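Chemist: Given next are the chains, with one letter for each unit.
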Amino acid sequence: MNTAVLEEVRSPMNKAIHVSLPDATTPTDPSANIVSVRGITKFYGSDVHALEDVNLDFPTGQMTTLLGPSGCGKTTLLKIIAGLLDSTSGEVMVKGKTVTSPGPERAFVFQDFALLPWATVTRNVAFGLELTGVPLKEREAKAKTYIEKVGLSGFEDKYPHELSGGMRQRVGLARALAVDADVLLMDEPFSAVDEQNRRKFQEDLLHLLSVEKKTVIFVTHSIEEAVYVSDQIVLLSPRPGRIHSIIRPELDRSSSPDDIRRDKVYLDTVEEIWGNIREYLD
Amino acid sequence: MDLAFILPPFSSVLGELTTLILRHDFHAAAWQTFQAFAIGMFFAITGGIALGFIMGTSKTANNILGMWVNIFASAPLSSVVPVLMLLFGLGQLTVVVIVILFSIWIIALDTYAGVHHTSNSLKEMGRSFGANQRQLLVKILFWAALPEILAGVRLGLIRAVKGIVIGQLLLSVVALGRMFRTFSDNFQFEEFWALTLILFVFALLFSTLIGRLESKVEYYAGTRD
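Note that the protein sequences, when read in sequence, are chains A and B.
Mapping to our numbering: the first sequence position 95 is 95, numbers consecutive.
Mapping to our numbering: the second sequence position 80 is 80, numbers consecutive.
This is chain A alone, in the form it adopts within the complex:
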């Protein structure tokens, strides 16, 4: 089937839309975009050029994915937004204010879970609250709520080594949700989770986020995952990382997960992104 035919069968409202890129001078609207980055450039030492002049807006309440081949600086960009890494130049604005260090309005979900191996599920989920001095009873009650929300009821007193990869990441997600940050930063959260659990987890995540109303910045190298979960996909080019394109897959989120994965727009968007990434691999 050629592209022309594909274009015909797409309904006008139901296709991937390409968005124009903001530049360094585009003013940011804090009410529409909770996070904005302007002119972010990052060098590691003097020779590794990780990011070059990245300008991006992250719309409030939406899921934006940073996607690209290995070494395109997507995790670097996420850590700069988190305040865990300093950029060489440029600035990150959260709710209209420039930030240079971690803050309570952002919570991070780690690729390798980063759970305290000596602490129970409850203490791990409550750890962010423990650090900010929330009293024990209060933070344990809150932890219990989120343990339930991520589907880990009954595992409150287990230790991380007693849980599977998928369950560990649910603990990581519950910990990030428990501190009630507006923005969740997720660094390849499902890469250490097996395929079956990953799909279930993606579905649960989408459901949970629609209830919790968070803005999510999500790093992945899986094209399918990016198209499935995202409102906005930022495709980065390899080192130095630059924005290649921004794609908004206009999927009907009300249909079932299986229908979304069979949807033409879903499949076409995956193919289109693959086509773009393949250029870099040749």
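Derived by calculation from the structure, the hints in this document are not laboratory data.
It should be emphasised that the depicted structure is a prediction, and the values quoted were computed from it without experimental measurement.
Each hint should be verified, as a subset may be incorrect.
Only part of the chain B face toward chain A is listed, based on derived beta-carbon distances under 7 Å [to be verified]:
| no. | residue |
| --- | --- |
| 1 | Leu122 |
| 2 | Met125 |
| 3 | Gly130 |
| 4 | Gln135 |
| 5 | Trp143 |
Derived pair list, reagent style DSSO-like, types lysine-lysine, alpha-carbon separation capped at 27 Å [as the list claims (entries may be wrong)]:
| no. | chain 1 | residue 1 | chain 2 | residue 2 |
| --- | --- | --- | --- | --- |
| 6 | A | Lys144 | A | Lys158 |
| 7 | A | Lys142 | B | Lys123 |
| 8 | A | Lys95 | B | Lys123 |
| 9 | B | Lys216 | A | Lys158 |
| 10 | B | Lys123 | A | Lys144 |
| 11 | B | Lys139 | A | Lys158 |
| 12 | A | Lys264 | A | Lys200 |
| 13 | A | Lys95 | A | Lys213 |
| 14 | B | Lys123 | B | Lys59 |
Here are some chain B residues pointing at chain A (derived, C-beta under 7 Å) [claimed, not checked]:
| no. | residue |
| --- | --- |
| 15 | Ser121 |
| 16 | Glu124 |
| 17 | Arg127 |
| 18 | Ser128 |
| 19 | Phe129 |
| 20 | Tyr220 |
Cβ atoms here follow ideal geometry from the backbone N, Cα and C, with glycine treated the same way.
With chain A's structure known, arrange chain B on it following the hints.
Modeler: Below, chain B alone, put in the same frame as chain A:
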């Protein structure tokens, strides 16, 4: 010459062991030795852990201190005991210093290894959820390094027992060292071996105690990455 008297039958050593344990001069000597050991270990543990943390958290400190700690950890420290005797006299103080010198370095090195190898994402996790320096140290780094710290303390204890025996033998005027010297000078080998046996048992006991603590943190030692 018949040297059999050097290795008396084990039964007579055990027989002497019971008499020795009941002797008053043994109690006094053992208590004195234990005091030196406990005081020395206290300073070695606190000092060693502090040193390890400083080296593990600051690259500059590690560059400056690392080489020296490694040299002292592997140096034959028995050879400096006579110098210590000159510096600190022929009493308890020298024994305490010997205990510290024998054990502090291995504790520092193991603590350093534990702190240094704490996964980066655990530290980032702490920072991203707003931990300050003290919280990072107390709530994350210390616990993450605890299995290595305990291993260091156990090795340090064993070295300290060696140190105390060597120190007191060389000093031979205080506590158990004097008893050792008296027994060997008078060819009382039953007593000599009984005393050695007691020290072995003590070393083993301490090491087992720390080993039990270690087994309490073992469940996460292998799953920290």
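Chemist: When the structure is checked against the list of hints, which entries are broken? Sort them ascending.
Modeler: Result: no hint breaks.
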